[in-house]
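Asks: Chain by chain, the residues run as shown.
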Amino acid sequence: MTTTHSDASLAAQLLDGARNCMRFGNVKPGEEMLILSEPSAELSVIDALRAAGIEVGARVSVLVKEASSISEPVSPIVAAALAAADMVWDLGYPTAHTQAGFIAAFDHGTRNLIVRPEAQVLASEAALLPPEIFFLLGKRSQALVREFPRVHVTDRKGTDFRIEPLPSAVGPYSGLLPYEPGWAVPGYMGTFPPGTTIWGDFNFSARGTVALDAAYHFLSPSEPIVWVIEGGWVVDVQGGPEADEIKSAIAGHKNANRVAELGFGLNPKVTLDAGAGESRAARSSNVLSWSRRAGTFFFGMGGNALMGGQERSTVVPIYGVLFEPTVTVGDTVLIDGGRLADISDPDDELLALCDQLGGRHWLRESVTRR
Amino acid sequence: MSLQAQASAFFADLAEVPRATTAIAPFPVDVQIVTPDAPVVIVQLRDGALVAVETGRLEGGYWKLELDADQRIFELIFEGALTMGEAFYAGHLRAPEEKPKHNITCALSWAVCELQTAHRRAGARNLLELKI
Chain A
1 MTTTHSDASL AAQLLDGARN CMRFGNVKPG EEMLILSEPS AELSVIDALR
51 AAGIEVGARV SVLVKEASSI SEPVSPIVAA ALAAADMVWD LGYPTAHTQA
101 GFIAAFDHGT RNLIVRPEAQ VLASEAALLP PEIFFLLGKR SQALVREFPR
151 VHVTDRKGTD FRIEPLPSAV GPYSGLLPYE PGWAVPGYMG TFPPGTTIWG
201 DFNFSARGTV ALDAAYHFLS PSEPIVWVIE GGWVVDVQGG PEADEIKSAI
251 AGHKNANRVA ELGFGLNPKV TLDAGAGESR AARSSNVLSW SRRAGTFFFG
301 MGGNALMGGQ ERSTVVPIYG VLFEPTVTVG DTVLIDGGRL ADISDPDDEL
351 LALCDQLGGR HWLRESVTRR
Chain B
1 MSLQAQASAF FADLAEVPRA TTAIAPFPVD VQIVTPDAPV VIVQLRDGAL
51 VAVETGRLEG GYWKLELDAD QRIFELIFEG ALTMGEAFYA GHLRAPEEKP
101 KHNITCALSW AVCELQTAHR RAGARNLLEL KI
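Residue numbers (our numbering), protein chains in the order written: chain A, 1 to 370; chain B, 1 to 132.
Everything labelled a hint here was simulated from the structure, so no lab data went into it.
Only pairs whose alpha carbons sit at most 30 angstroms apart, straight line, appear in this in silico DSS-like list of lysine-lysine:
(1) A:Lys139 - B:Lys64
(2) A:Lys247 - A:Lys65
(3) A:Lys65 - A:Lys254
(4) B:Lys64 - A:Lys28
(5) A:Lys28 - A:Lys65
(6) A:Lys247 - A:Lys157
Only chain A is shown next, with the shape it has when bound in the complex (with noise of 0.2 angstroms):
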């Protein structure tokens, strides 16, 4: 088999967004690295994370499960590996959301981040924004929404939607100091690339109507998917059969319908285009990774125990997201009609930072072509 010119140009992509993924990681010598795939996952992405990780010095283990349905606990064979791992990088259904993936982060320090299982995306810019762009946003936007803890989401489809964040409730990846997202340190949690500001619903606050573009592991839903929030709870979902098939997926579960967490994205690298995996694990990490993206709002339904709240669920939560919202936190219009107020009228400390980390391009939004 010869290696083409092409061939070569994405190996080279795929390892620098890779190696960037091990910094945000903060992988570090001797470290036990775990890929945790499954079998629909690209090849070239696992290669890929695999030699960024023995580069590093790590000791890389790749456990592929078979896809599961979200209510379905992990094996205990995944279960041990999870805690076993001082990294995890997931390539399917995350397991962060499970009461295994739980279990390891909060008892055994592992940190665990969501790949999405394309090369596409792990050879994207999205995947080399240096991750002290995402920190100095999250620290941002996390102080002010707990400064003002009132958000209000519009959107041209009928989104109206209001709550009020207990400012203790705001977060996350939070690194060595508490309130600010930094690097990885035992326990953390989220997506790579990067990444968002959220909070979870405390204080059953949650309220209105919101008509998302995408969810669950639908990308483009016939109509846009309604979900009627009252006091906390998604108390009816809208829509056409893709509404239904969420319906049916929550039905009998025990909390499964609670709003579990909410936020913005804050990666003006991440594009909205559809990836080439069609498993559902695949389309399902695509609608997490799209609300990463700049501009974005999302809403996560179900159990909230990973947020810090009460209200567990044995279902992973569904995940939907608005691409154009309009977002004021008080009276600070944050998110303009998808547009991040700090990134389109970026302030000195932004452009310093970004000068010193290779230039100003790192600003400007990824054009998505879908």
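Please build the complex by placing chain B on the supplied structure of chain A, with the hints as guidance.
Replies: Same frame as chain A, but now just chain B:
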């Protein structure tokens, strides 16, 4: 035995358990243990070692980590019968600032789990003699 005394006994040999020390050392945390009935207990950890266990309540605090539960839940944790992760997942234990202090929460939870394991292996409190 008071909750303060139980906390003191549990964390006393933290510095003798390397994996537990490593887990919590980066965070100079004041763990505030809140129950419905017992006095609030504050466990001060610095550089991976126990500094003091006092009663009282901290107002604010950048490095404070508040944990809320029934007293029995903390007793089960100190006895080694329940991990913090299990207690959190079951909804028996709450950290009101978990999200912005997920780092400290996980570091403490991990250190506690390591300490429980060391206690169990050493037959409870003979760690210093065994030099584990």
